[in-house]
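Position chain B relative to chain A; hints supplied.
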Amino acid sequence: MREKELEKLKDYKYGFSTDIENFKAPKGLNEEVIRFISKIKKEPKWLLDWRLKAFERLKVLKEPDWQKPKYPKINYQDLYYYSAPKSFKEKPKSLDELDPKLLETYKKLGIPLQEQKRLNNIAVDAVFDSVSVATTFKDKLTEKGIIFCSISEAVQKHPELVKKYLGTVIPLTDHFFATLNSAVFTDGSFVYIPPNTRCPMELSTYFRINASDTGQFERTLIIADKGSYVSYLEGCTAPMRDENQLHAANVELIALDDAEIKYSTVQNWYPGDEDGKGGIYNFVTKRGLCEGNNSKISWTQVETGSAITWKYPSCILKGDNSIGEFYSIAITNNHQKADTGTKMIHIGKNTKSKIISKGISAGKSDMTYRGLVDIFKKAKNSNNYTQCDSLLMGNKCGAHTIPYIKNKNSDSTIAHEATTSKISEEQLYYCQQRGLNSEEAVSLIVNGFCKEVLQQLPMEFAVEAQKLVGISLEGSVG
Amino acid sequence: MEKKIITDFENTYKNSSLNDDVRFKKEFLNKFIEKGFPSKKLESWKFSDLNQIINKNIENLIFYNDITKSNKIDESLYLKNLEHNKIVFINGKLEEIKFEHEDNNKIKISKETKIDDNLFKDNALIDLNNAFAIYNYKIHVEDGYNVKKPVVIYHTTNSELNSTNINIQLNFLLGENSSLKLIDTFNDISDKNFINIYYNFILKKDSVLKNFKLDNLINNNIKYSFNNIDQETNSVSETFILSTGSKFFKNEINCNLKGKYSSAFVNGIFSLSENRHHEIKTNINHLIENTKSYQLIKSVLDNSSKAVYQGKIYVDKDAQKTDGYQLSKAILLNENSEFNAKPELEIYADDVKCSHGSASGSLNDNSIFYLRSRGLNYKEAKNLLIKGFLLDVIEKITDEEIKNIIKSTMGLST
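The listed protein sequences correspond, in order, to chains A and B. Numbered by this note's numbering, the letters in the first sequence go through residues 1 to 478 in order. Numbered by this note's numbering, the letters in the second sequence go through residues 1001 to 1414 in order.
In case anyone wonders, no lab produced these hints; they're calculated from the structure. It cannot be assumed that every hint is accurate.
Using 20 Å as the maximum straight-line C-alpha spacing, the simulated PhoX-like pairs for lysine-lysine come out as follows [said to hold, decoys possible]:
id, chain 1, residue 1, chain 2, residue 2
1, B, Lys1041, A, Lys62
2, B, Lys1046, A, Lys343
3, B, Lys1148, B, Lys1106
4, A, Lys422, B, Lys1292
In silico contact screen, one side only, chain B against chain A (beta carbon under 7 Å); selected entries [said to hold, decoys possible]:
id, residue
5, Lys1317
6, Phe1339
7, Asn1340
8, Lys1342
9, Glu1344
10, Glu1346
11, Ile1347
12, Tyr1348
13, Asp1350
14, Ser1355
15, His1356
16, Gly1357
17, Gly1361
Quick list of simulated restraints, FRET-style, between CB atoms [stated by the list, open to error]:
id, chain 1, residue 1, chain 2, residue 2, range
18, B, Asn1030, A, Pro72, 32 to 40 Å
19, B, Asp1122, A, Pro72, 22 to 30 Å
20, A, Asn196, B, Gly1375, 52 to 60 Å
21, A, Gln67, B, Glu1083, 52 to 60 Å
22, A, Asp65, B, Asn1030, 21 to 29 Å
23, A, Arg35, B, Asn1220, 56 to 64 Å
24, A, Pro72, B, Glu1335, 43 to 51 Å
25, B, Asp1122, A, Val463, 45 to 53 Å
Backbone N, C-alpha and C define an ideal beta-carbon position, used for all residues, glycine too.
Just chain A, same shape as in the assembly (with noise of 0.2 Å):
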């Protein structure tokens, strides 16, 4: 038993739990809930009832139900919306007063949190659960006034910047799963980058899913003040666990005059064992706002894990001369379901996007590609260019291309390109010629066939990823 567990792991080696005493809110969704997640985060009135006001919307709306992947339905009253470490009752004032257990399932993951393992570059801020557990690096952001805490923490201590963005990108009444994240939200990532300053280092998030029935909703808020540039980065792991999961965040990214967004994602939920069993459900909205002047919003996705991935990371042009780019890579092996893609929405004059997916279909699984590039009226001068190229590794797996094209100006145009292929013989058979096995050949040639979104992802993050691409197709060559 024991080996097997042993052999499980070596698959998604982040697929241990760690065992905590958790402090959960009552089973169920309903008003006392949201009351009793609102009340122990101490949050002001007015946050309690924007929540309450999503929770009266999401009475009358349903779940959407055009997707690809079909998926059981979910009962959303058995699901916990509130799990946080026991020992977090109170806050803990500084990371010693951590639950050493904590310290060392993020070690386990790699992260960094303990101060002197802070060489690398990246301030740290760790979402457990329900919680934010803890934020790295904070005294050198502070001296250069940037802002980058939990949700909460920003709710106490900058209620004035929450209050006036929250919502504004991803409106309460946007659709089922982000008004869900509204009502029930429970932490996330706060990040505040005041005029003119380049951010010194990549900020990055890292979620954890560990107690089981629970869903995770936490929500991030990046501000981009008028010229100012800030590089983010999210990773998720989840225990292995034979039921589904559900993950449902809201990212909102708002770009002001000359400023820049990068934000990369390395998902890597657990996607289910090989009968396509258990696995996180991936329903996040994330969506950015180019709301200045020549602002810059680039989303970066690598999408390893996940039972069922289902995102459009999305760029709102609206000031003059901004761009938009998104670049993905989606990978779904075994079971593994994925329909993702972008909206790239021009609305200022001038601006212009970009769109690079990569989608690579392996096992039994399924890949969609779902994107709306839509050019109104008043941008002139507005240009996309996208390329969707998938890859299939077998004849039981599927990819799909669904594109929308909306072009409503005669100055502006569009362009689109996208093929899907397999991994040719001629390649392969050059690549063993050469001396490499069949498995090196295909992770050689598939990691080509990435690169041009790999090189997108900041350094540290390019390495990991592209070892992470190799690890998902294992065992798909045959």
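Structure of chain B alone, referenced to chain A:
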């Protein structure tokens, strides 16, 4: 609407003797009433809300069609410079069907009142067609017979027709190793009608179908045409659509490549102005290995017109070695024009070569500059570029004679 459509239905079949078949048709009517005209809530009508378009353009749509009344055929409408066989519909009624250039033993024409089941369950308009198309014409080309001259179907309406729905249904069976060239032309003097056409083609082994749909005369009718094409081994279908004249026109091509080495070609041109709103929707289903499809759609959009292209390539898991290609390009000449595209790939087999491309924008400034530097004025330069852009599609037509006719109707002949 519900009450009206039922009365119109009863009036249409009041004097008919076809009891059983009417009951069958009534089922389709009920299905249609349940669904209603498609609106943008349906994914396949996302860009063209037919319900809204009909409500906006036609007040009190009449479904009743008096087929006892005969209309005189205006022979001046016949295509000149082309020897051809004729099928003439006037106001939805078949007035003439004449295969004067053919061996009449080789082509069988039958008229049935019984309607085949609707295989497209979601399609309310086929239900409507099944309910109101009184006759279902079947044209069977015998094995090994090549229809010598093109068959031209004249869809004409005259000024007597107003705010009426017309339903036409034709079935074609092409026997083994046979071939057929079919031209659809539209001549409308009428205004504000909804014309609903359904063709069903069965292509047996080694048969060849060429269908040209020419909607080039300006009119204010609303049209929907659905072609279902089932293809067996080694058969070829070629569809050309010229979408210009009607107020609204949606052409839908559903092609099932069921036999090995079968291939389908769809080429289309949108050349729109003045509030026209046209759509082409294709659905190419590759169901078996070694099949091929090719689609090329080009649009030139002027004066607040709107074109939509929804093309889908579906590759079944058995359809290895599929070759699927799809390209749509649009030139927007006016700031009020709009182009929407949804080129879709749904692929379940790995050894395939599928790609699609879509581009839209204005005329290339560099090209205009080049031509002007060689002495053309702006207008000439623009026209030349548009002509070249569209000729690309026309050159794909494999029948020289028909190609030249299309060129001259579009004013593109050299």
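Hints versus structure:
1. Lys1041/B with Lys62/A: Holds, because 15 Å separates the two Cα atoms, which is no more than 20 Å.
2. Lys1046/B with Lys343/A: Holds. Lys1046/B to Lys343/A sits at ~17 Å (cutoff 20 Å).
3. Lys1148/B with Lys1106/B: Holds, because 11 Å separates the two Cα atoms, which is no more than 20 Å.
4. Lys422/A with Lys1292/B: OK: Lys422/A and Lys1292/B at ~17 Å, within 20 Å.
5. Lys1317: holds, 6 Å
6. Phe1339: holds, 5 Å
7. Asn1340: holds, 5 Å
8. Lys1342: Interface hint status for Lys1342/B: holds (5 Å vs cutoff 7 Å).
9. Glu1344: Since chain A brings a Cβ to about 5 Å from Glu1344/B, closer than 7 Å, the hint holds.
10. Glu1346: Result: holds, 5 Å to nearest chain A Cβ.
11. Ile1347: Status holds, d = 5 Å.
12. Tyr1348: holds, 5 Å
13. Asp1350: holds, 4 Å
14. Ser1355: holds, 4 Å
15. His1356: This interface hint holds because 5 Å falls under the 7 Å limit.
16. Gly1357: holds, 5 Å
17. Gly1361: At about 3 Å, which falls below the 7 Å cut-off, the nearest Cβ of chain A leaves the hint on Gly1361/B intact, so it holds.
18. Asn1030/B with Pro72/A: 32 to 40 Å: holds, 34 Å
19. Asp1122/B with Pro72/A: 22 to 30 Å: Cβ of Asp1122/B to Cβ of Pro72/A: about 24 Å, so the range 22 to 30 Å holds.
20. Asn196/A with Gly1375/B: 52 to 60 Å: holds, 53 Å
21. Gln67/A with Glu1083/B: 52 to 60 Å: For Gln67/A and Glu1083/B the Cβ distance comes to about 54 Å; the hint holds.
22. Asp65/A with Asn1030/B: 21 to 29 Å: Holds, at about 26 Å.
23. Arg35/A with Asn1220/B: 56 to 64 Å: holds, 60 Å
24. Pro72/A with Glu1335/B: 43 to 51 Å: At roughly 48 Å between Cβ atoms, Glu1335/B and Pro72/A fall inside 43 to 51 Å, so the hint holds.
25. Asp1122/B with Val463/A: 45 to 53 Å: The hint (45 to 53 Å, Cβ to Cβ) holds, given that Asp1122/B and Val463/A are roughly 49 Å apart.
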